[in-house]
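Chain by chain, the residues:
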Amino acid sequence: MAANRVTTLAGAVATYVKPGMTVALEGFGHLVPTAAAHEIIRQRIGDLTICRMSCDMMIDQLISAGCVRGLVSSFIGNSSGGSLHELRRALEGRSDRVVTLDEYSHGGMIARYVAGAAKLPFYPIRSYDGSDLPTVNDSIRQVTDPYSGDAVSVVPPLNPDVSIIHAQRADRRGNVQAWGILGVQQDVAFAGRSVIVTVEEIVDDDVIRADPNRTIVPSQIVDAVVECPFGSYPAPVQGYYDRDDVFFREWSDMGRAEGAVERWLDAFVRGTADHAEYLALLGPEVRAKLRVGEAFSGRVNYGLHLRPAADGAAADQEVS
Amino acid sequence: MTPPVSVTEVLTVLAARELAGRRIVFAGIGLPTLAAALAELTVAPDIEIIYESGVTGAHPIGLPTTISDSILVTGAEAVLPMPQLFGYVIQGQRIDTGFLGAAQIDRHGSLNSTMIGGSYARPEHRLPGSGGAIEVMAHAREVFVVMRRHTPQTLVDQLDFVTSPAPGTGRQATGRGVTRLITPLGVLTRDLDDELVLSSVNPGVDIGQVRAATGWPLKVADAVGDAEPPTAEELRLLREVLDPGRIYLR
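Protein chains in written order, with our numbering: chain A, 24 to 343; chain B, 9 to 258.
Chain A on its own, in the form it takes in the complex (with noise of 0.2 Å):
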């Protein structure tokens, strides 16, 4: 029998997610793991330095809850919606939240965590000539090439102590199953030291065997499975809900009062025991509007081995 890493959300963040650790939640505007940075928020976990390329208002909250102690980031401000009001209050000396900010680009990150992954010492990349940002983030350093012996910036592994991602569906071993905008899941998997995936639904085993390519993480190197439906709200998941839009431009709007994030986290947060109840709270409504139709994808064929069909089994397969 093999491994069965099917927990609770609360029992994988209490077990992997300590105070004072680097944890990584990815999804680029997509597969977005905000119930498990909401579980983050209710178990008052502190201390963390929060990696994510492109911020949302999952940004917002942990900050306002006293989770985040650094930010590593390409991008801080609301997705396409806005500002992120306690963010930017942090950041500007508006606040007596504290965070320090190491900031790349899009590519830095993504370099990052790809050094991160494959266990590499440092990543080239080829786009921080003249920028500012080298000026102010020592960790974007030169090396010569040793081929042209020109200068060549580089960037440092990322292997965060955690990597939370969310995705479609998953087996009770953890192998994740993922499509559409995949941006950087299977990158920050593979850098993570311990791993967290939270899926729309736990499938049974043939229903990733009959698509192999579609396991974006294999399960060798998942920790612990999470049935979250809905756990990307307001985030989109392609093919189970679209994008709350105007729960994304109204956080920019309510931000800006201080003291509003905390009312909000008191209310749907920590006024809540679980995913479950937060989504209760929001209302049927909201998931009604939500929905999205059917659009399936076209089916390919493996190819049924006939070679081992001495004994008949393979054969009698193909014409079931």
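Mixed in with the good hints there might be a few duds.
What follows is a set of in silico ranges between Cβ atoms, one per label pair, in the way DEER data are often shown [as the list claims (entries may be wrong)]: (1) Thr10/B with Asp173/A: 38 to 48 Å; (2) Val159/A with Asp165/B: 16 to 26 Å; (3) Pro241/A with Gln166/B: 49 to 59 Å.
Among the chain B residues that face chain A by a calculated CB cut under 7 Å, a handful are [what the hints assert, rightly or not]: (4) Ser61; (5) Ser78; (6) Arg134; (7) Thr177; (8) Gln180; (9) Tyr256; (10) Arg258.
It is worth saying that the hints were derived from the structure and are not from the lab.
Cβ coordinates follow ideal geometry from the N, Cα and C atoms, glycine included.
Using the hints, position chain B against chain A.
Relative to chain A, chain B alone:
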């Protein structure tokens, strides 16, 4: 009665005309997407948009609201993971034209999308930062910027922070910098010159107005053109075919 032409419509039409003959365009949602769609119907039939989210050859049934909108994925020709998009497509120099946004631009076409006022450690106004802008600036063959405000606070003598660099004034850079700047007053181009030069003024604008609104002593082309106002056909395509709900046109 035809409604008056809006600033967004003028900027979109000018951007679309500048895309004549272009093929692979890196664009964000909104005006750049709309400009590319208009160009496809007018001056650039082979144009294709690549989004930062990795979607290429998108055929959405409605207008997307973000680059991560799932409506872009359904029916698209390809969706690339980000290491491939940034490694092979952008750094691999497959982009003809990249659209970028910024809070400030300087005469060489360097961009600031990081911070305004104060210091980096304690900025007065913290902006979203690079995203993929540094990479697009370094590796796209040309870079277009559309700015909705043309003032000495947006076209500045000195950037508060150089996020995405252009070469010039002792600054080395991998890319060429911004090659077209489209504003409500006119179009600035940087082709062979080492700085942006006013190449045309928008309908009803004179050169003096543009100089006064620019934060550096503006160079002016020998023959500054008068941009043709949006034609009836361009406006019809925008208003009736591409964005009838006025999602992007506002």
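How the hints compare with the structure:
1. Thr10/B with Asp173/A: 38 to 48 Å: violated, 57 Å
2. Val159/A with Asp165/B: 16 to 26 Å: At roughly 21 Å between Cβ atoms, Asp165/B and Val159/A fall inside 16 to 26 Å, so the hint holds.
3. Pro241/A with Gln166/B: 49 to 59 Å: Given a distance of about 51 Å, which is inside 49 to 59 Å, the answer is holds.
4. Ser61: The hint holds - Ser61/B has a Cβ within 7 Å of chain A, the shortest such distance being about 5 Å.
5. Ser78: It holds, given that the least Cβ distance between Ser78/B and chain A is near 5 Å, below 7 Å.
6. Arg134: holds, 5 Å
7. Thr177: violated, 11 Å
8. Gln180: holds, 5 Å
9. Tyr256: Given a least distance of 12 Å, the restraint on Tyr256/B is violated.
10. Arg258: violated, 14 Å
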